[in-house]
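Visitor: The primary structure of each chain is shown beneath.
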Amino acid sequence: MRPKVKLEARVPTLSGKEALILGLLLKAPSSETYGLELVGRSANMLKRGTVYVTLNRMESKGYIESRQEEQQANISGAPRRLYRVTGYGEKIYEAWQLAREALRARSLSLGGAA
Amino acid sequence: MAVLFFAYLGRFYVSLQWGFASSRYLSFDHYSARILTMSLYLALITLFDLVFHGFNGVKALARRILTLVPLGLVSYAIASSDVTRPIGNNLTAGIFLAGFFLTYALLGVMFFYRLGSRRTIQIVSSLGAYFSVTAICTVLLHFFPSMAVRLGYLDMAAGILLLASWTAAFLRTPEPLSVPIDGLIVNRPLNQTTAVTPRISKPPGALLMLLADFFCSTKTLERVVRPIISDLRFEYWEALDAGRRGKAAWICLRGYWSFFKAVGLNSIARAAFEVWQRLRFL
Numbered sequence: 200m201r202p203k204v205k206l207e208a209r210v211p212t213l214s215g216k217e218a219l220i221l222g223l224l225l226k227a228p229s230s231e232t233y234g235l236e237l238v239g240r241s242a243n244m245l246k247r248g249t250v251y252v253t254l255n256r257m258e259s260k261g262y263i264e265s266r267q268e269e270q271q272a273n274i275s276g277a278p279r280r281l282y283r284v285t286g287y288g289e290k291i292y293e294a295w296q297l298a299r300e301a302l303r304a305r306s307l308s309l310g311g312a313a
Numbered sequence: 004m005a006v007l008f009f010a011y012l013g014r015f016y017v018s019l020q021w022g023f024a025s026s027r028y029l030s031f032d033h034y035s036a037r038i039l040t041m042s043l044y045l046a047l048i049t050l051f052d053l054v055f056h057g058f059n060g061v062k063a064l065a066r067r068i069l070t071l072v073p074l075g076l077v078s079y080a081i082a083s084s085d086v087t088r089p090i091g092n093n094l095t096a097g098i099f100l101a102g103f104f105l106t107y108a109l110l111g112v113m114f115f116y117r118l119g120s121r122r123t124i125q126i127v128s129s130l131g132a133y134f135s136v137t138a139i140c141t142v143l144l145h146f147f148p149s150m151a152v153r154l155g156y157l158d159m160a161a162g163i164l165l166l167a168s169w170t171a172a173f174l175r176t177p178e179p180l181s182v183p184i185d186g187l188i189v190n191r192p193l194n195q196t197t198a199v200t201p202r203i204s205k206p207p208g209a210l211l212m213l214l215a216d217f218f219c220s221t222k223t224l225e226r227v228v229r230p231i232i233s234d235l236r237f238e239y240w241e242a243l244d245a246g247r248r249g250k251a252a253w254i255c256l257r258g259y260w261s262f263f264k265a266v267g268l269n270s271i272a273r274a275a276f277e278v279w280q281r282l283r284f285l
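Protein chains in written order, with this note's numbering: chain A, 200 to 313; chain B, 4 to 285.
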């Protein structure tokens, strides 16, 4: 039987969609953003059906945090959820960008050698 | 309505003069049925426009032409493959069939999404009943040609009832106005003096919430389902505020699809994760 790996010991992973969401959240003019706003700003790269599943996963990983919007008396409808990037998520995104740049530079150098 | 009136008046007159089995009646019935089918189909497309609030002269005309083009092409294809079948017959048969299904589709959408006024519902449902009776008459006539006279009377009765129903709808049923009030869509009559009960309907996504509440965990409900439904309602009311009922119906459909995609995806992902975890530690 393989030993159980602790959560902290695992290498953090970041998929393309998660990186896109982190990028959008970090670029947002206000610190908190709605899911629908993310879909609108992603230029069709995020879909309504999947964005909340990805956000849920990212929240479980600790990259983002969310809270329920306060219900306003004059606005009808269910309160929406607001998302913001955590410090950990910001660091992960920075590390991901560095890794991507390094990979791009490496691939370019390999391409040049060929 | 005018075409309907004149077609049935003409049929009644010809049947009285020469009888149901006469060649004159059959010929009149043949041509009037074609004109009537085309007119009812155009009336149906107009009803679609009215229900989805996109009524605009040029756009409506373009939509009608666009809906007739595929039917015309299919009819032409069938007629050219079989020389014994004239294109006119095929086209009207196709239009009749499309009209039959589109009427019930429109009625379904109207009931499901609470679209349209009482008057429109009355007009569409009577059209559906008329199409159904005519379809039954055509089928019965094919299998039992001896029943031609009785079926002729039945068809005539259906036409007269449709005419009466439409007349009653225009003269007696008031046209209501839909307004969203605190999450409830209330169809309020324009003329407050008429005794019409306001229609109160649930906000979109109420059924999804019930389903999700039963099947999903609290975490999924809070993090995935509720945001999807709040987005759906937000966009829905925005579209209703702008007076775009068609867009509101489309948002509902899209929201329902998003819900099933998200909940399905979430369940599959969780199941796959659990299987992987179990396999990993075996």
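Treat each hint with caution, since some may be false.
Short derived list, chain B residues pointing at chain A, Cβ under 8 angstroms [to be verified]:
1) Ala209
2) Val227
3) Arg257
4) Leu268
Just so you know, the hints here were simulated from the structure itself, not pulled from any lab data. Where a beta carbon is used, it is the ideal one built from N, C-alpha and C, also for glycine.
Visitor: Checking against the hints above, which ones are violated?
Guide: Hint check: 1 fails alone, others pass.
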